[in-house]
Amino acid sequence: MESPDRAEQFIPAGLASLGIETDEIELAVINAAHAMFWPSIRDLLALDLGELEPERDQDLSRAPEQG
Amino acid sequence: MSVLDLSLRGQAAAIAAGEAEAAELLDAALARIEQRNPAINAVVETFPERSRAMLEAAPSGPLRGVPVVIKDEWPLPWRAQRFGAAEMTAATAPGESGPYRALRDAGAVIVGVANMHELGASSTGNTSVYGPARNPWDTERCPGGSSSGPGAAVAARLVAGSVGADGIGSIRFPAAYCGLTGLKPTFGRSAMTGHHMDGVSTTIVSGPLAADAADCRLLGSALCGTELQGGNAAGLRIGVIRDAVSEDVTPEVREACETAIEALRSETGGEVREVELADLDAAALATVLIANVESLGSSSPERLNNLDPEISPIGRGFSKYRMLLPAAAGVKSYGIRTLMRRRIANLFEQVDVLAWPTVPAVAPPLEAPLVKLPSGTLTADQANVRGAGLANLTGIPAISVPVGLGADGLPIALQLQGAWGRDELLLDAAEALERASERRWVDSLPPLAQAEPADA
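Just so you know, the sequences run in chain order A and B. Residue numbers for the first sequence follow numbering that gives the first Met the number 0, so the first one is 0 and each next one is one higher. Residue numbers for the second sequence follow numbering that gives the first Met the number 0, so the first one is 0 and each next one is one higher.
No lab work stands behind these hints, which were simulated from the structure alone. Where a beta carbon is used, it is the ideal one built from N, C-alpha and C, also for glycine. Be careful, since some hints might not be right.
Unchecked claim - Take a look, some chain B residues computed to stay more than 12 Å from chain A by CB distance:
#1 Leu5
#2 Gly405
#3 Gly408
To be verified - Partial selection, computed: residues in chain A whose CB lies under 8 Å from chain B:
#4 Ile19
#5 Thr21
#6 Ile24
#7 Glu25
#8 Val28
#9 His33
#10 Ala34
#11 Met35
#12 Leu48
#13 Leu51
#14 Leu59
#15 Gln65
Could you build the full structure based on these sequences and the hints that come with them?
Below is the structure:
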């Protein structure tokens, strides 16, 4: 899990690199959202989906064609 | 009893048979909104002259003369959607949205625009540029979001039917919290044109909220442009999963849903099968990420630096945080979608529906939307998305059906999910549940909606 120190760096650095300005309240919201989502996002990023066969011509209104 | 207290289909039938005057029904709906809406803030705008013009031009469709409300997510010819916010980053303009056309062509009369959670960004409905909508069962509780107004309006019987939108459970949450039936149709099946995310979003659909499945079928047929024909759910194979979605729920929700599943099995002469579906947490996260990434097209640093200060701090902060989401997480999310679509396609060869609680706890307080679950205290949004995201991620239809009242007198709901295109089966199953309970839950009314002498 990411340490709070790293989050403190990531958020302002990321926003600054994009030129996005925030006030204190917005920053508090962003930090809260980051604390909520980031551990799960890191778990997601750790998944290896390289072997997953892509679903070609995916149509969400229908079942996938089974190979 | 006022005609307005009849079901959606009852109102349509009374008008078609000449037993009720559509103009009088419209006036009654407007008067009801004036009377009851201040307590719940479900309807944020009415336009009596537009509504009367709609009625005068109404064709003899299946909903001729029936008043309905529509979520502030869809443009109307005389009003752009505001998405519950002081400002949208996407462009908006008045216009004939798909749901508007569907309602108009069915003969329905739009009597008002319904409130919604700001920017569609929560399952609670506790934040909106119009102020929060309130739950008619307890006005200090969340009505559910983001289709908060459509839920509260029908629960309070301002109207008998409403149109919502569901990108991550946004029809099913208010249906659950407000004791209604809400259908999230198969992706792409219901009217979507005119939505600011049409052609971009791969999770959002329009859909109906109503008191029961038959009314959802009627309104859903209009939205889908095809009759959602009734059948029977005989021999229904019900899949249940032993996972957080069914087990990390409050004891009263668990008991009511397990009772309902057994009643559904008995009513349909079917069977309950325990099945496995791994990675539901990853699926929920993937749904959230996809929905957020897809809405970034109209965001830019310059735009975000000049957001209307009337947007809530949470809305402003989260809009900015989305810009920091890693692209790799978006790509992985689409991979999870592919994985889950294949897994549930295999599951739907073994079962006809998957059943678990729509939400793990009854409606939380507006002021602090937290839920206490066996695993601990979570925000309602964290808890609710776990059971709702799968349908939006994969495209399958889902329905929320009321199955009880908790100790606080607040509704409890069961969600049923079916394979792609099996929306009708979900409605059939919901009707079977209603029969099994002798309509006890769909006919329950919050105190606010119980007819008063002045209403008669």
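Cross-check of the supplied hints:
Distance to chain A confirms Leu5 (chain B) as a non-interface residue, since its nearest Cβ pair spans about 34 Å, more than 12 Å. In this structure Gly405 (chain B) is separated from chain A by more than 12 Å, as the shortest Cβ-Cβ distance comes to about 26 Å. Look at Gly408 (chain B): its CB is around 31 Å from the nearest CB on chain A, clear of 12 Å, so calling it non-interface holds up. Evaluation of the Ile19 (chain A) hint against chain B yields a held restraint, the C-beta minimum of about 5 Å falling below 8 Å.
For Thr21 (chain A), the interface hint holds, the least distance from its beta-carbon to any beta-carbon of chain B being 6 Å, beneath 8 Å. At about 4 Å, the closest approach between the beta carbon of Ile24 (chain A) and any beta carbon in chain B falls short of 8 Å, and the interface hint on this residue holds. The beta carbon of Glu25 (chain A) is positioned within 8 Å of a beta carbon in chain B (closest approach about 4 Å), and the interface hint is therefore held. Because the beta carbon of Val28 (chain A) sits about 3 Å from the nearest beta carbon in chain B, less than 8 Å, this interface hint is met.
Annotation: His33 (chain A) was flagged as interfacial toward chain B, and the flag holds, the nearest CB pair being 7 Å apart, inside 8 Å. Taken as an interface hint, Ala34 (chain A) does not check out: its beta carbon lies about 11 Å from the nearest beta carbon of chain B, beyond 8 Å. Because the beta carbon of Met35 (chain A) sits about 7 Å from the nearest beta carbon in chain B, less than 8 Å, this interface hint is met. Against a cut-off of 8 Å between C-beta atoms, the interface hint on Leu48 (chain A) holds, since the closest Cβ of chain B lies about 4 Å away.
Contact between Leu51 (chain A) and chain B, as hinted, is supported at the beta carbon level, the nearest pair being about 5 Å apart and thus within 8 Å. About 3 Å separates the beta-carbon of Leu59 (chain A) from the nearest beta-carbon of chain B, less than 8 Å, and the hint is met. This hint holds: Gln65 (chain A) has a C-beta 7 Å from the nearest C-beta of chain B, less than the 8 Å allowed.
Taken one by one, the earlier hints fail for this structure only at number 10.
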